[in-house]
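A.B. asks: Residue numbers (my numbering), protein chains in the order written: chain A, 1 to 315; chain B, 1 to 300; chain C, 1 to 263.
Source of the hints: derived by calculation from the structure; they are not laboratory data.
Heads up, the beta-carbon is just placed ideally off N, CA and C, and yes, glycines get one too.
Treat the hints with care, since some could be wrong.
What the hints assert, rightly or not - Simulated DEER-style distance windows between Cβ atoms:
no. : chain 1 : residue 1 : chain 2 : residue 2 : range
1   : C       : 112       : B       : 89        : 44 to 50 angstroms
2   : B       : 77        : C       : 86        : 45 to 51 angstroms
3   : A       : 283       : B       : 77        : 25 to 31 angstroms
4   : C       : 151       : A       : 11        : 28 to 34 angstroms
5   : B       : 285       : A       : 160       : 41 to 47 angstroms
6   : B       : 168       : A       : 101       : 34 to 40 angstroms
7   : A       : 269       : B       : 77        : 49 to 55 angstroms
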Amino acid sequence: MRKSAIYKYLVFLGILLIYPLFSNSSWLAIGTTFIIYSIVALSQDIVLGKAGMFDMGHAMFFGIGAYISAIMNTVFNIPILWAIPVVVLISAIISVLMAMPTIHLRGDYLLVVTIGFNIIFQQVIKNNVFGLTGGPNGIFGIERPSLFGFEFSSDLSVYYLAFFVLILILIMIKNLETSAVGRAFHYLRLDNLAAQCVGINTRFYRLFAFALGASIASIAGVLFAIQYTVISPESFNLMQSILFFTIVIVGGMSSIPGVLLGTFLMFVLPEIFRDFNTYRYLVFGVMMILTMILRPRGIIPKKFGIIPKYLLKDK
Amino acid sequence: MYIFIQQVINGLTIGSIFALIALGYTMVYGTMKFINFAHGDLVALSAFVGLTIYTTVVSSFSNSIIAILISLIITIVIISIIGYLLERIAYRPLRKAPRLSAVVSALGAGMVFQNAIMLIWGPNPHYYPADIIPNKIWHFGDSVISLIQILILLLSFFIMIGLYILVNKTRTGRAIRAAAINQDAARLMGINVDAIIVIIFALGSTLGAVGGMFLGMFYRGITFNMGWNYGISAFVAAIIGGIGNIPGAMLGGIFLGLFNSLIAGYISSTWADAFTYILLILILIFKPTGILGERVAEKV
Amino acid sequence: MELLKIENLTKIFGGLVAVDHLSFSVKKGQIYGIIGPNGAGKTTVFNCLTGIYKPEEGTVIWKGKDITNYPPDKIANLGIVRTFQTIRLFSDMCVAENIMSGRNQISKQHWYHGLIHTPFSKRDEKKNWLKVKEIMELMNLQDYATELTKNLPYGHQRRVEIARALATEPELIVLDEPAAGLNGHETLDLTNLIFKLRDMGFTILLIEHDMNLVMNVTDYITVVNFGEKICEGTPEIVQNDPAVIEAYLGKEDADDEGDEDEN
Chain A
1 MRKSAIYKYL VFLGILLIYP LFSNSSWLAI GTTFIIYSIV ALSQDIVLGK
51 AGMFDMGHAM FFGIGAYISA IMNTVFNIPI LWAIPVVVLI SAIISVLMAM
101 PTIHLRGDYL LVVTIGFNII FQQVIKNNVF GLTGGPNGIF GIERPSLFGF
151 EFSSDLSVYY LAFFVLILIL IMIKNLETSA VGRAFHYLRL DNLAAQCVGI
201 NTRFYRLFAF ALGASIASIA GVLFAIQYTV ISPESFNLMQ SILFFTIVIV
251 GGMSSIPGVL LGTFLMFVLP EIFRDFNTYR YLVFGVMMIL TMILRPRGII
301 PKKFGIIPKY LLKDK
Chain B
1 MYIFIQQVIN GLTIGSIFAL IALGYTMVYG TMKFINFAHG DLVALSAFVG
51 LTIYTTVVSS FSNSIIAILI SLIITIVIIS IIGYLLERIA YRPLRKAPRL
101 SAVVSALGAG MVFQNAIMLI WGPNPHYYPA DIIPNKIWHF GDSVISLIQI
151 LILLLSFFIM IGLYILVNKT RTGRAIRAAA INQDAARLMG INVDAIIVII
201 FALGSTLGAV GGMFLGMFYR GITFNMGWNY GISAFVAAII GGIGNIPGAM
251 LGGIFLGLFN SLIAGYISST WADAFTYILL ILILIFKPTG ILGERVAEKV
Chain C
1 MELLKIENLT KIFGGLVAVD HLSFSVKKGQ IYGIIGPNGA GKTTVFNCLT
51 GIYKPEEGTV IWKGKDITNY PPDKIANLGI VRTFQTIRLF SDMCVAENIM
101 SGRNQISKQH WYHGLIHTPF SKRDEKKNWL KVKEIMELMN LQDYATELTK
151 NLPYGHQRRV EIARALATEP ELIVLDEPAA GLNGHETLDL TNLIFKLRDM
201 GFTILLIEHD MNLVMNVTDY ITVVNFGEKI CEGTPEIVQN DPAVIEAYLG
251 KEDADDEGDE DEN
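Using the sequences and the accompanying hints, generate a full structural model.
C.D. replies: See the structure below:
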């Protein structure tokens, strides 16, 4: 990674680190949710931005994470952090089962299929299947976790827990970018046939991208359940999926700074203008159109052509 | 048995409204290859505009049917102009951009429409008057069909026949079909593709405006966010029929209306959406381009 | 030794028989040419051979093994790699990244190395990038390493595509009209490159319209017209075959601008 990029990330993380010092409890909550949404948006970006699959139902995996961990915690009294491996495994399996028969569909058809899965998921949780999901009211009384004797009972500690997970996810995505797997995603997005013809098993990588995106979103879902201790279907509906989808396109596909900025613009900005309640989404819609017209590839588009230095040395 | 017939009547009614709205999605997709997510909200806007015009003009006419026709025509004109502006402002600058940029622009435009409705008419539901169409009902067996249903069915039928003739039998229709297959080639053959796209948006908006007013007249209650739900259903209908295919959208709309209504009648209305989408996913797995859609082979 | 053997290959589109019971075989170390007028079904043969189309009839045998109906990626991994008539590069990416795509399946990294780097994966990454560097030097592309391929001139793009194919360490390189769109100078470079590749031990199968190039570089030619083989043999034999002359000159002297007259 180039030095200037590292500095930018350090500044960004530094701001997040000291942010709680300057915020009251409601702004702290917005900060925590911003971090959680950033994680979901980054996972959406793996599927949509990197592997180029039009997934407009990503909030479903966010919801699967939240609901499974909440059920494990409230019904079976399992500490919520222990739910993470289970959640990751289940959402990876569900995503692969969903994707296997549908992944070959052309862009827009895949988009409507993922919308469909999201709506089916909504009905399942709203209809209180097996009496576990709590219907339209959702699930109450999720316990905050503890780790090595430390209780994450305060909102501040939950903020830093989410912050810590965000750092891990960012490192992981940076690793992805400089690995054979991550490049395979770009190749199959840019030209699926050409990628196949140099021997890349594009179907495998598509499924992997789906599973990876779903798993990360589900981890964010666990954090969401921890933060609010109450979850309900609206937090994972189609409108949320569209929000994450839009964040990636507005910010810039497969660009990490773009996705983070997109999350800020699409989630935090409307919170800042809460006082202008009635007009804000009207203006917001206009802004979306303008952004796309002025920056069709997103506000901070992904830059290619960054290769290891030792390839350039003796030039 | 009477449940079946009743649900078929209801399903055909709502299905033909779906079909009218689905045509707007499919025609835009056919030429511009992107999903106009703002179309549903444009339909909602037409329901509101139509109601406002109707309540303004109704006192001037003795017969409410004439008042409806007048409001329908005025609404069509207004919504077509808005549809034209939508294309001009939000989509035309994005013709050469990545396709998802246009999709996000459409989502933004939908948000603008939805919030504009809320600002103008308020967040509470509005109601079409109960006597907008004489409340006449015919019984056969235990099933009933109302005058409004007959009107919706007949009008939709004639509009779709008209559209079919326009697209398949006229010069403009031939240009529309040519532009749908290959815009560049059409342009080289002297077809003004920009004008065709304007016509498509005007036609789509016209059908959407009719669909929006039918929704108001049939269900009576209209809300600022109704466009999204009906829009997504109509869009699903277009996909089921094979998006980009005009008869496909008609067929898909009727099929989806019937399916929804029978599921609600026989199984459960709380699971109706889930069944609809399971059906959609199954259709796409086995027929990846919808019922009437044709497979486009990739040129290597 | 026969490396690739195509037997009775038939591909039908709707009612049109694009390839009609075509057979030929390529020996190791050969530069094998397939020629024929436009629309003769040459590219369709390549598409069947590389798994993009499924043939209606016939078999593709690679080193004694039936690989008919294998998917493209599996065929590429067996050592058959192709270029495209209309260049298909990852146009938003730079030259080095494009060539690196050929290393993707050779890389020993596992899926979890995409999430966590280990000393092993770092070594593997470095090894493959160095191989890319080697190929760029071979192909004279090192000056453009970080240039996005969409900004390169056509001739360079061709070289990148061939470099990408080389990066997969293939045995058979399938070139679909490599000289299409190149100027005279670039075509000459291409001729030298093809010889160089043969000398490095690669076997080459190519479709070409440029008769100069074909007659100069190939060892053996199959002539296809309307999907059928009308002649095969060395360039000398093919050039003097009446059926070939008729196919090219007799009916329609369409697109070769008298190139063959010079031969």
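A.B. asks: Each of the hints needs a verdict: does it hold here or not?
C.D. replies: Do the hints match the structure? See the list:
With their beta carbons about 48 angstroms apart, residue 112 of chain C and residue 89 of chain B fall inside the hinted range of 44 to 50 angstroms. Separation of residue 77 of chain B from residue 86 of chain C is about 46 angstroms and conforms to the stated range, judged on CB atoms against 45 to 51 angstroms. In this structure the supplied range 25 to 31 angstroms holds for residue 283 of chain A paired with residue 77 of chain B, their Cβ-Cβ distance being about 28 angstroms. As the Cβ distance of residue 151 of chain C to residue 11 of chain A is approximately 32 angstroms, the hint placing it in 28 to 34 angstroms holds.
Range check, residue 285 of chain B to residue 160 of chain A: about 44 angstroms between beta-carbon atoms, so the 41 to 47 angstroms window is met. Checking the proposed 34 to 40 angstroms range against residue 168 of chain B and residue 101 of chain A shows it holds: the Cβ atoms sit about 35 angstroms from each other. Taking the beta carbon of each, residue 269 of chain A and residue 77 of chain B are about 37 angstroms apart, not inside 49 to 55 angstroms as hinted.
When the structure is compared with the earlier hints, a violation turns up for hint 7 alone.
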